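Engineer: Below, each chain spelled out in residue letters.
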Amino acid sequence: MHILATEGLTKRFPTVTALDQLTVTVGTGVTGLVGANGAGKSTLIKILLGLLPASSGTAKVLDLDVATRGADIRRLVGYMPEHECLPPDVSATEFVVHLARMSGLPRTAARERAADVLRHVGLAEERYRSIGGYSTGMKQRVKLAQALVHDPKLIFLDEPTNGLDPRGRDEMLALIRRIGTEFGISVLVTSHLLGELERICDHVIVIDAGRLLRSSAITEFTQATRTVTVEVDEGTEPLAARLTELGQKVSPHGRLLLVEVSGPGTYDAIRDAAVDLDLCLIRLEQGRHRIEDVFREETAHV
Amino acid sequence: MSEIYDIGYRHYDGPRLGGGHATRALAVHSLRAIFGLGRTARSKIMPFALATIMLVPAVVSIAAMALIQQRAMTYSGYAVIMQAIVAIFLASQAPTVVAPDLRFRVLPLYLSRPITVTSYVAAKVAAMTAALFLLLAVPLVLMYAGELLIDLDGPPQTKEFLGALSMSLVLAVLLATFGLALASLTPRRGLGVASVIAVYLLSTASVPIIYSALEMSGYHSAASWAWLMNPFWLVDAVQVWLFDTPSHAEGAYPGGPLPAVIVVALIGVAVAVLAARYRKAASR
Ligand SMILES: Nc1ncnc2c1ncn2[C@@H]1O[C@H](COP(=O)(O)OP(=O)(O)OP(=O)(O)O)[C@@H](O)[C@H]1O
Ligand SMILES: [Mg+2]
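The listed protein sequences correspond, in order, to chains U and X.
The first sequence begins at 1 in the numbering used here and counts up one residue at a time.
The second sequence begins at 1001 in the numbering used here and counts up one residue at a time.
Check each hint, because a few of them may be wrong.
In the DSS-like style, the derived pairs of lysine-lysine whose C-alpha atoms are separated by at most 30 angstroms in a straight line are [what the hints assert, rightly or not]:
1) X/1280 <-> U/139
2) U/153 <-> U/139
3) U/60 <-> U/153
4) U/139 <-> X/1159
5) X/1280 <-> U/60
For the chain U half of the interface with chain X, some residues (derived, Cβ under 7 angstroms), not all of them [unchecked claim]:
6) 75
7) 83
8) 163
No lab work stands behind these hints, which were simulated from the structure alone.
This one's a predicted model, so the numbers in the text were calculated from it and none came from an experiment.
Glycine included, every Cβ here is placed at the ideal spot set by N, Cα and C.
So here's chain X without its partners, still in its complex pose (with noise of 0.2 angstroms):
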């Protein structure tokens, strides 16, 4: 130990970049947490394992494109379709990214450091937000890839591609932000996986309760309401609003900008939960 302490101090004379770095930063390092890169073998298996389910539909899709000339997915219905995985997947990963450091006390360290509590937040949020949009964007990429190769009859399906893309986007801003909000306030990992999985079984599950409540009533043209208790379905409401596409529940959406109008409400109200939470844990 005598001689380990006998090696003379050196002081820091390179670079220090500014918060803006440090941000950025974190941001990489979260989303590399998410997926379990860097961390033991064991912490890359969920997400791996989820993500590979994602990709079978696409797979699926090309083999059949390339067999027998026939489309087996659409883009625009990816997300809906799969939306079991993409929840399981949030619910598991979103604690990774903020309960460790409320637990055990790690956000002073952050904010005694040229990082604020608004650049924490953003940063974890665009990390949540990034895993989720690889993890729906990167099959589609595929299946896009897979018809320009194949060569279908009648032109790529381009414009339905872009607009599933950016919905994609859509989707991913708001189950990071409700997932983290969730996994927030419960920093216990356990409690953080189970809180957001509640959420999703109850918001699906509410579903067919409120539209038989509604039908049964009489109010057959308020029943289509219902579906847009549940994020995947309130999105794809958004994108049949923006892009013409199909719906893809057992229904019309009601129509208009209002699944839109929703969909950016609930973001903020998600935003406003995880300033709060994190105004209060950086003032302990």
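With the rest of the complex left out, here is chain U (with noise of 0.2 angstroms):
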């Protein structure tokens, strides 16, 4: 099942086109957003939400079109904007239970969601504190966890880990796949960086100006960059064309070779070849590249 998809999604403002032609489906689990500022990723989670209208195409969230059910879909989803929006002189309990409240739950259901939510996200005995002198990180733990009060089926995350340090970063990555496996709720999250959401993503959507540059499984983007770096004292030339007789995928990177994997046969070539024309090898490493270089190469075809 698709939890969203568009058709030609396309916004305008006066001066920008925010969103051109953008064709996508995102299945269940965690899904990342990717793009560079700019590139249309807050647009198109407030289309989904249907708090902005599209200039032309469709868009559907959970099977339900956007222009149409904007109000059902707002039932069934979960939404942390990317800018601040917390107010400072309540407490976090106070606001996120006033927020369960304002997603159709009971009182009572309210506080035992909003208590259990804020234990997830991590929030201990601070969340009795006003939120005015939290840390940047226990925010968007709030932001995070009113987002998840009402036990969404789905949920729109928009740079979770703006401003927060590594060990931040780190922690709120692993919340968000906790949220994708354990909680089974689904995730669309964007990232400006490739790199923080590989390690959490079933699959990745890349956008730049608006329009689509690639969506697929995390599989795909790194099992077809599988490379092990060889790096050898003098005589690069010479091993990589004894490399490309041998038929191995080679790619010169300065003074080092990318030589793509297809099999254990991949390390014998390397290591006869080395053998047969008597060179010094000083590195040889196996390492699956970034998505990010992933991402150059798409650009740099484009």
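Once you've looked at the hints, go ahead and assemble the two chains, each given alone in its own frame, into the complex.
Structural biologist: Structure below.
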């Protein structure tokens, strides 16, 4: 089942086209939406929530049309905006309980859910204090908690790692992964960093200037790019020639050679070639490249 | 922290009530906030102090009825006489209702739920209206209860009481929509308070200026229109027209339905300003 699907979705603002003929589908699990600043990520989320009308094209969320069924969609999804959205003078508990009620939960259920969800995002005693005194990391957790409090089927997280230090970022990413797996809630999470989403996503959508650049399962991203890096003292070129002769796919990267791993034979070929040419093998490093590199290659081709 | 993380996630399969429920909950929440309920003691001081002052004439009147068998205060004149207190209440509490959600950009969190911009604004207006109505109506009800218990000569002034009660509602709607519109245009709390007070003072100060200007230029009959610049006298003029009560200004009001038309038009303007303000905020 598709949790969301767009067809020729376009959004024009007076001066820019934020989304340009975007056609994409997303399944259950954790999906990353990646793009540079101004790529149109937030605009897409706002259209999917029914908060902004599209200029043309259609979009469905959980099989409901955003243009006509916005109210039903908003009952079933959660939203964590990219900007700050917390009043400083209330406690996290009060705030999350209130928003649970705004999602239609009865009073007692709202209290229970808020307590549960604040615990899940890792806010303990501090949840009784005013939000004004929270660190950025704690505020991001409150923002996440309010998106989860009504137990949505799908949540939109707009740049949840924004402003976090490396440790906070890791914790937030781990939490998002848990939401997608243990909690069984589908996630659409945006970021302008491909690398951080690689670890937690099942599927990645890359957009640029409102256009779809790529949409594929994370396994496709990584499998296609499993390479081994070879570094030799001298004679990089003859080695590359020899490996190509042996039927390997080789691309030079400065003093390094990147060899695509097609099977165990690849390593044998590298060893044999180095021995044959009497080269001094300095480094043989197995490392799939990061999706950043894929992105770079993709954009280079476009 | 790690133990906290170990508790499994539980899904919610209880009832999910609709937008109507959420709107009502928002109105009640905002009404409580106006009186500082569920907030710090500090935020209760202002609303409760003002509400207490509003009760003083009612208490004095009851005492006068009991002791010297005389009415010290009329139902129909209550709002006009106490107008400064009502205006201060509006100025100090209207920003509480609308400013934080705009200033701290909480609005998208509401609008991404089963609440529309319209129901959000409706809930806020309902809360402010209810608060002002309580402020105006509780003393009237208290005074009427006193009158019934004390048993003065002649029948109780039920008609005047009910008239004053219904005009309290009209006044509450007018003040709430205007106060919220002004406060929503100035999302900083302090500015909101200042702008509501400034508009009230201007409207009040303009009355004698316009009045004497018209008098001196010979437009004696038109001078009475000056009273309608101030919302309290404006609504009093409607009361005079509807319930035949005496004027609580220092002269007669222009008669007929025109004051009522002005009240409706002003409420319309204020609602339009609120709608435009929130449509803009929602599209950000
Ligand atoms: N309300 C608006 N009015 C006019 N232009 C807008 C509006 N909202 C967004 N835009 C423009 O649309 C484009 C896409 O914006 P959007 O916020 O969707 O990008 P984004 O991918 O979320 O970027 P970021 O990583 O900076 O959050 C940008 O050029 C932005 O300036
Ligand atoms: Mg964005």
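Engineer: Next step is simple, just say for each hint if it's right about the structure.
Structural biologist: Cross-check of the supplied hints:
no.	hint	verdict
1	X/1280 <-> U/139	holds (26 angstroms)
2	U/153 <-> U/139	holds (23 angstroms)
3	U/60 <-> U/153	holds (14 angstroms)
4	U/139 <-> X/1159	violated (56 angstroms)
5	X/1280 <-> U/60	holds (25 angstroms)
6	75	holds (5 angstroms)
7	83	holds (6 angstroms)
8	163	violated (15 angstroms)
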